[in-house]
Structures are given as C-alpha cells and as structure tokens.
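Visitor: Given next are the chains, with one letter for each unit.
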Amino acid sequence: MISVKGLIKSFGDLEVLKGISTKVDAGQVIAVIGPSGSGKSTFLRCLNKLEEPTGGIVEIAGFSITDKKADIRAARQEIGMVFQHFHLFPHLTVLGNLTYAPMKVKGESKAQAEEKARTLLKRVGLSEKEDSYPASLSGGQKQRVAIARALAMEPKLMLFDEPTSALDPEMVKEVLDVMKDLAKSGMTMIVVTHEMGFAREVADRVLFLDQGKLVEEGTPDEFFGSPKTHRARDFLEKVL
Amino acid sequence: MNLDFTQMTPYIPYMLEGIWVTLKFVAVALLIGALIGTLLALFKISGPAPLRAFAIAYTSIFRGTPLILQLMLIYFAVPQLTGYDITPFLSAITAFGLNSAAYISEIIRAGIQAVDKGQVEAAQALGVPYRAMMKDIILPQAFKNILPALMNEVITLTKESALVSTIGYLDLMRRAQVVGASMYRQFEPLLFVGLIYWVLVMILTLIGRKIERRLKASDIR
Ligand SMILES: Nc1ncnc2c1ncn2[C@@H]1O[C@H](COP(=O)(O)OP(=O)(O)OP(=O)(O)O)[C@@H](O)[C@H]1O
Ligand SMILES: [Mg+2]
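So the sequences go chain by chain: A and B. Under my numbering, the first residue of the first sequence is numbered 592, with each subsequent residue one higher. Under my numbering, the first residue of the second sequence is numbered 351, with each subsequent residue one higher.
Source of the hints: derived by calculation from the structure; they are not laboratory data. One or more hints might be untrue.
Straight-line Cα separation of at most 25 Å, SDA-like style, residue types lysine to any residue; simulated pairs [to be verified]:
1) B:K494 x A:G730
2) B:K467 x A:H785
3) A:K829 x A:G628
Please read all numbers here as calculations on a predicted model, not as lab measurements.
Based on the provided sequences and hints, a complete structural model is requested.
Guide: Set out below in structure tokens:
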C-alpha cells in the first residue's frame, strides 16, 4: 500500500528527513512516534505531497507520487488526512463538510453524497449534528466530523497527524474509539501520536523517528517491551 | 452671525442633482477599482514573479503619492502627451478607479491571507481543484474579512470624491462653489453640501454596520 525509499525533505538548509525507508501493507495500522521536531508531521505530509519531498521515492495507494507526472489530485482522493486542528470548513454545516468533496471532486449526486454522509455520521456517533456548524461543536466532535469527512471520499488509507493532541483530556477517548473502530474495519492507517496506550493496543507496527531518521521499528511488544536503541529507551522513559 | 439660506433656495435642485453626479462617479470608480483590485490581489497572492512585482509596485505608487496629483496628472498629461482631450469625468473615474484599485487589492489580499492556511491544506488533502477551493472554501471566508474594510473604502472614496471639483467636474462640491460664486455667498452652499456629504456617509456607515452584524451573527450560529 505504501513504499517509501530514501525519503529526504529539506527546508532550505535544514534537512528534516534524512533518508527514510519503510513499507506498509494494506490493512496495517502504523503508529509514528518520536520527540517534538523529529519530523513526524513532515514525514506524514510528504506522503500526500502537502510537502514536496526533496529526494527519494514514495509510492502510495498505487501512485508513484514522487514521479513528476503523477496525478497528485487523484492520489489525494485515495489518501484521507486528519489534522491536529481539524480544519473543518467553518462556513459549511457538518453535512456540507462531508458532502462537499465527494460532490465536487468525485461528481457524486447530492442524494448519494448525503446518504453516505449520514451513514458516516452515525458511525462516528454524530447523527444529530448534521445541520450544526463546526463552531458549535466540541473539540472531540469536530475531530470525529473531520474523520468522517475524510472517510466520505472512500480513501484507501488514512493519515492522522496527532488527532487528539488539541483535545481536552476527556474528549480523547471518543476520538480514539472511532479510530479503533476504523482500524478493526481493516483500514490502512498511519497515525502520528503521543498516545502510547493507543499505539500499544491498536498498532501493528511502531515507527520511532528521531532527528529525521527512522531509528527503530517493530511491533508494539518489541518496541515498548525491549527497545533496541538507547534513543528509543530515553524517549520512552520520558513519556511513559 | 449673518447666515441667510433663503437666497439659496432657487439653487437647491441644482445642488441636489450633484448627489446623483457624485454617487454615479463613486460607483463607477469603485467598480473599476474592484475589478482591477481583485486582479492585482490575485497577482500578489499566486501570480508569477513578474506580475507579482508589478502589482506590488503599482500599489506602492498609487498609495504613496497624493490622489490629487494622480488626478491632475491624468487630466493634464493625457492631452499634452496624446493630444486626446480627456473629459473631467473620464479623468476622474480613471484616477479614482486606478487609485482605489491599489487600496482594494490590499484589502482583498489581506482578507484572503487571513484565512487559516489549514483550510487550503484540508481542501488539497481532499483532492479539491484550485479554482473550486478558491471559490467554495477560501473566498467565502475571506469575504467576511473583506466586506467591512471595503465599506470603509466606499466611505473614503465618497468623501475624497470632492477632489474632482478641482478639474471642473460638476459634482456636489463643485456645484456648491458655482452657486457660491453666483450668489456672492460661499458659506451657505458649502454648509449645505457639507450636510449632504455627512448624511451620505452616515447612511453608508449604517449599511456597513448592518452588514458587519450579519457577518458576526453567522459566526456564532
Ligand atoms: N514549513 C517549514 N519550514 C521550515 N521548517 C519547518 C517547516 N515545517 C517543519 N519545519 C521544521 O522541521 C522540523 C520537523 O518538524 P515536524 O513538524 O515534522 O516535527 P514533528 O515531529 O511533527 O514535531 P511535533 O511533535 O512538535 O509535531 C522542525 O525542526 C521544524 O521546525
Ligand atoms: Mg507534528
């Protein structure tokens, strides 16, 4: 589903990703963890070209997106993304947020898009909010809408960038529950997170990034049970 | 005090006609300003380097020199350089249109750039094409920032429009001077059109407030 080879990303003189290689199979859930500034967000954003990779090869959802001729918009339709700060469209209702892209980008009819949107809202537990505007929702509700909005495009995989970091503690669970449910349904997911409990319980594999390098990767049991590198050990000591 | 408005009575319809002349001129100048201003704003935000440089230089020049100078230059330079005898009206809408384009382009640019960058990223991540994103996502949000500032520009333009009296265009201001000259009393007609300007500006201000309140209300909903 995803193959990354020697991915490099620089901002000017600052090399943020220093040659990252990994593979993700369909249906896998990957947790990306690491200290602040290690390049986790940049890595994720290179996967749907919100950042332009400086070097290396990224193949994702059947698209070779580092290829100059790649149809990047077509690729993005297959890659859902959920942001830390939601980025819902504030001037559209919840239903409008869910139906806009399917109608505009995929050419679905209004009826079709709304039916799907309602199914998704039910799935994230927000059926009664379809006519609300984002400003009237709580953080947890916003993030669940954002997840539903991404799912409305029926993507092949989902990227999450710290989806619960901007939430009050009491709302973290409702979002994680939706993500767990999604993982169970077989969705391929890459989740940048500081929620070690979630990584442990849900992830098939953990990627540990530090200073732009993929320092360690393994199953949650391996990584949390017996980290191989001292950098991973240091990090875990601090966060656990 | 020896104010005497009775003498002025026969001239009142003549002066009131100036309202229409002034408003027509402001409306046309605003339309030109909005059209060119939008174009300049787009150049500044996403134009290729030469167009961006042009838009920036344009704005700097028109905001950095007196409007009355721009008006005079157009009114006097055009006939001198091209032999074309430009009318006061044409000079006035050209000068005011080009000048307000500079201000309006800044209003639009700032309004668009004040929209959270996350909105662009969210739209891009969904595969929304650039034009649709601008039209459906960015501009409706930018509009809320733009409209109040634009209302201020309309008010400024209405007041500044009195400058065109200097090239003999028969607007409200000019009419007051004409009436003053023929009555040998300047004060009363000036007061009279002053009142008219003030009422016009008050009406525009009220409209502006109403719009702003509407926009605020739709934020909370
Ligand atoms: N647009 C940019 N321009 C310049 N530098 C950037 C840009 N985006 C990120 N960086 C730098 O790249 C480095 C990695 O940033 P990134 O956001 O990927 O880290 P992160 O691991 O996601 O951190 P956090 O846990 O704080 O979100 C940081 O040093 C950051 O300052
Ligand atoms: Mg980050």
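Visitor: Each of the hints needs a verdict: does it hold here or not?
Guide: Okay, the hints, checked on the actual structure:
Between K494 of chain B and G730 of chain A the CA atoms are separated by roughly 24 Å; this keeps the pair inside 25 Å, and the hint holds. Taking the CA atoms of K467 of chain B and H785 of chain A, the gap is about 24 Å. The hint holds against a cut of 25 Å. For a cut-off of 25 Å, the pair hint linking K829 of chain A to G628 of chain A stands: about 16 Å separates their Cα positions.
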